[in-house]
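Student: Sequence:
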Amino acid sequence: MEHDPGTCTACRGSGELISGLGGEEHRVRCPWCDGTGRFDATRDAQAPAREGHPADS
Numbered sequence: 000m001e002h003d004p005g006t007c008t009a010c011r012g013s014g015e016l017i018s019g020l021g022g023e024e025h026r027v028r029c030p031w032c033d034g035t036g037r038f039d040a041t042r043d044a045q046a047p048a049r050e051g052h053p054a055d056s
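Counting along the sequence shown from 1, when you hit position 15 you're at 14 in numbering that gives the first Met the number 0, and nothing is skipped either side.
Derived by calculation from the structure, the hints in this document are not laboratory data.
Think of the CB as a built atom: it goes at the ideal place given N, C-alpha and C, for glycine as much as any other residue.
Some clues are possibly wrong.
As the list claims (entries may be wrong) - So the derived label-pair ranges between C-beta atoms look like this: (1) Gly5 with Gly51: 27 to 33 Å; (2) Ala48 with Ser13: 20 to 26 Å; (3) Asp3 with Gly51: 33 to 39 Å; (4) Gly19 with Gly51: 30 to 36 Å; (5) Asp3 with Glu23: 29 to 35 Å; (6) Pro4 with His25: 27 to 33 Å; (7) Glu50 with Asp3: 30 to 36 Å; (8) Pro4 with Glu50: 26 to 32 Å; (9) Ser18 with Asp43: 15 to 21 Å; (10) Gly21 with Gln45: 24 to 30 Å; (11) Arg11 with Gly51: 14 to 20 Å; (12) Ala46 with Gly5: 20 to 26 Å; (13) Thr8 with Ala48: 15 to 21 Å; (14) Arg49 with Asp3: 15 to 21 Å.
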């Protein structure tokens, strides 16, 4: 199976991650691809935290 370079590597194309923030695991939309499962080189996943706004879950 070949790797698709357009697939988001953070979520492996699923669009979701498991977060342990707050002490309990829960699914959240991937901040690197915004849930699309496709890599977006222009997206800054850390921007909401720097701006004082947590990413939507």
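Student: The structure should be examined with respect to each hint, and the outcome stated for every one.
Tutor: Evaluation of the provided hints:
1. Evaluation of the 27 to 33 Å hint for Gly5 and Gly51 yields a pass: the beta carbon distance comes to about 31 Å.
2. About 22 Å separates the C-beta atoms of Ala48 and Ser13, a value consistent with the hinted range of 20 to 26 Å.
3. For Asp3 and Gly51, the hinted distance range of 33 to 39 Å is satisfied, since their beta carbons lie about 35 Å from each other.
4. Between Gly19 and Gly51 the Cβ separation comes to about 21 Å, which falls outside the hinted range of 30 to 36 Å.
5. For Asp3 and Glu23, the Cβ-Cβ distance of about 32 Å falls inside the hinted range of 29 to 35 Å, so the restraint holds.
6. Our hint of 27 to 33 Å for Pro4 and His25 holds, since their Cβ atoms are close to 29 Å apart.
7. Take Glu50 and Asp3: their Cβ atoms lie about 31 Å apart, and the range 30 to 36 Å holds.
8. For the hinted restraint 26 to 32 Å between Pro4 and Glu50, the CB-CB distance of approximately 29 Å keeps it satisfied.
9. Checking the proposed 15 to 21 Å range against Ser18 and Asp43 shows it holds: the Cβ atoms sit about 18 Å from each other.
10. Here the CB-CB span from Gly21 to Gln45 is close to 19 Å, at odds with the stated 24 to 30 Å.
11. Checked against the hint of 14 to 20 Å, the C-beta distance between Arg11 and Gly51 comes to roughly 29 Å, which is inconsistent with it.
12. Between Ala46 and Gly5 the CB atoms are about 21 Å apart, so this pair conforms to the stated range of 20 to 26 Å.
13. At about 20 Å, the beta-carbon gap between Thr8 and Ala48 stays in the expected band of 15 to 21 Å.
14. Look at Arg49 against Asp3: about 30 Å separates their beta carbons, and that is not inside 15 to 21 Å.
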